[in-house]
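J.: Heads up: the protein sequence lines correspond to chains A and B, in order. Start counting at 1 in the first sequence, then tack on 1414, and there's your number in our numbering. Start counting at 1 in the second sequence, then tack on 52, and there's your number in our numbering.
Just so you know, these hints were derived from the structure itself, not from any lab. Because the structure is a prediction, the values reported are computed rather than measured. Think of the CB as a built atom: it goes at the ideal place given N, C-alpha and C, for glycine as much as any other residue. Keep in mind that the hints are not guaranteed to be accurate.
[Claimed, not checked] Some but not every residue of chain A turned toward chain B, in silico, with C-beta under 10 Å:
{"hint": "1", "residue": "Thr1424"}
{"hint": "2", "residue": "Ala1428"}
{"hint": "3", "residue": "Gly1430"}
{"hint": "4", "residue": "Ala1494"}
{"hint": "5", "residue": "Ile1526"}
{"hint": "6", "residue": "Met1633"}
[To be verified] Below 20 Å or equal to it, Euclidean Cα-Cα: the simulated SDA-like pairs (lysine to any residue) are:
{"hint": "7", "chain 1": "A", "residue 1": "Lys1500", "chain 2": "A", "residue 2": "Gln1540"}
{"hint": "8", "chain 1": "B", "residue 1": "Lys67", "chain 2": "A", "residue 2": "Pro1512"}
{"hint": "9", "chain 1": "A", "residue 1": "Lys1574", "chain 2": "B", "residue 2": "Ala385"}
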Amino acid sequence: MALIRIANLTKHYASGDETVEALRGLNIAIEAGEFITIMGQSGSGKSTLLSVLGGMNHPTSGEVEMAGVRLYDLPGEQLADFRAQKLGFVFQSFHLIPYLTALENVMLPLAIVKMGTPAKKDAARQALERVGLGAKVDRLPNQLSGGEQERVAIARAIVKRPQILLADEPTGNLDSKTSDEVMALFRELNEAGQTVVMVTHNPDNGRHADRTITLRDGMVVTVT
Amino acid sequence: MKLHTISVNNLLRRKAKMAFLTIGLAVGIATIVTLVTLTRSMSGDIERKMDEFGANILVTPLSNGLAMNYGGISLGGVSFDQREIRESDLARIRTIANHRNISAISPKVLGGIRVKGHDVLLVGVNFDSELKMKQWWKVFGESPRNANELLLGTDAAKVLGVGTGEQLELEGETFTVAGILDQTGSQDDSLVFSSLPKAQKILGKEGKITLAEVAALCSGCPIGDMVTQIAEKLPDAKVSAIQQVVEGRLKALDQFKRFSYAMAGVVVFIGSLIVFVTMMGSVNERTTEIGVFRAIGFRKSHIMRIILVEAALVSLVAGFIGYGAGMGGARLALPFMAEAKDAKLLWDVWVAGGSLGLSLTLGILASLYPALHAAKMDPTEALRAL
């Protein structure tokens, strides 16, 4: 059974008097342990798809089933709980909290978990070591390079060992060398069993993925 | 890492903004503390002064007559069925329900006598209670200590031509003038004061008194109730309250109190507005941050808790600062506001607790909407990148 199953997914936005059809009848299945890149031009609907997969954007119609749960059937704050338990997010602009150190940023998802501070620190240190930043735990984001900030963001996303890692243009703000390093890190995580769904516009990133889904005008055009 | 760690770290990062917020709220709390403390201290000051400045209940014999005097000028009066109060009856005043409010009872016997060819009004008093009640009296010489000593009003001394230490004969009995009063501007200037038993003997009114003054002044005293209680104990006496001065002062104080509360209300409103605007601005600045929190699984209640903990911490600090500054302000202002130079500042634990509680309540209430606004933010909108 697929870890992620999307059936007849549509998402319409109202833009002034017009209705924009961001997603038009998508059907996608992603198995556990897969590394998927979603590609497409600007406005193709790839970021909308990622926000729907992230439980943050209610679809107009269709079904989204993740880890055996029909996501948008979850009542109230259980959707937030689902995100906390099953999903990890990596954002394009890193979105690290500027007044927290690297270690504290990574500990952020654990702030709402009932466990002792030493255990939280251990988990955060392990995640930072996993992304190669074990020596910079006490640095503030503005004391880190772009690549390092991206690694902190990845460590924050994996600290709770989520089933699914969602990444939105994680190399969008990085130079090509750092991009390669970050993509290699994603590959490494995937090889360790992590399911990764990544939105990217860079065709080179597709090399690291098992499959690439290309969208155009809200529809799947190719799956390679 | 706990939710409050985020709040504390954010406060530390936005020092200038949070300092502005703290000062804004602290100024409000300080104003309230100053006004409340000043009002209470001034009430205490007036209360003490009232205790010092004499009687506010007058006990006189019941009479059906009407006094004919105005502004100290007596034109006599028409009275009939004049009764007198027995001195022994005064002990009953101490048995009233509010006897603890009585600070002094000063019985007096009055009667006209002829001394050195002049008509003089002799007043028999209990010097201990009389001097306690009339603290404005300034005595040249000594206060009378035994039954054969007199105290003379300044005009009486002049008319009778006697000075301190000299002898004066009253109705065949020789007395020593122990002291002479400094000019008071009242009827006391023309009186001759002797001890109560001697005056009663000279006037032939042994065991009887003409009037008694009762000092029971304090702003919280139920004067009206006390008048009724004394009247019940002394059915042959007329008991009346001298409330003009007290009420005048208390009325002025009451007006000041109302003004203080109105000021406090305005200040509280402005303080709340500062908290609201600053917290709202802070929330809007942190849109992306809140989006990240929501994306990684924070519930709405978690977001609210972060914002409200920040508000609570700022409010507590503002409460402490406001209380300290308010008490400092009251201390500086009290000498100018109170009449007595030794007016005491009231340190009240309730004012301290109240200012902290008020600050906390204001801060949290004013931050409630910004916190709700933050919690309701759409994470997708907040992040935009998604």
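J.: Could you run down the list of hints and mark each one as holding or not?
T.: Cross-check of the supplied hints:
1. Given hint, Thr1424 (chain A) at the interface with chain B, is violated; its Cβ is 17 Å from that chain's nearest Cβ, farther than 10 Å.
2. A cut of 10 Å between beta carbons decides the hint on Ala1428 (chain A): the least distance to chain B is about 14 Å, and the hint is violated.
3. A cut of 10 Å between beta carbons decides the hint on Gly1430 (chain A): the least distance to chain B is about 17 Å, and the hint is violated.
4. Given the 10 Å rule on beta carbons, the hint for Ala1494 (chain A) holds: about 5 Å separates it from the nearest Cβ of chain B.
5. With a cut of 10 Å, the hint placing Ile1526 (chain A) at the interface with chain B holds, because the nearest CB-to-CB distance is about 6 Å.
6. A least Cβ separation of about 20 Å between Met1633 (chain A) and chain B goes past the 10 Å threshold, and the interface hint is therefore violated.
7. For a cut-off of 20 Å, the pair hint linking Lys1500 (chain A) to Gln1540 (chain A) stands: about 19 Å separates their Cα positions.
8. For the hint pairing Lys67 (chain B) with Pro1512 (chain A), the CA-to-CA distance comes to about 14 Å; that is within 20 Å, so the pair holds.
9. The straight-line distance between the Cα atoms of Lys1574 (chain A) and Ala385 (chain B) is roughly 59 Å, outside the 20 Å bound, and the hint therefore fails.
The structure does not agree with the numbered hints 1, 2, 3, 6 and 9 stated previously, though it agrees with the rest.
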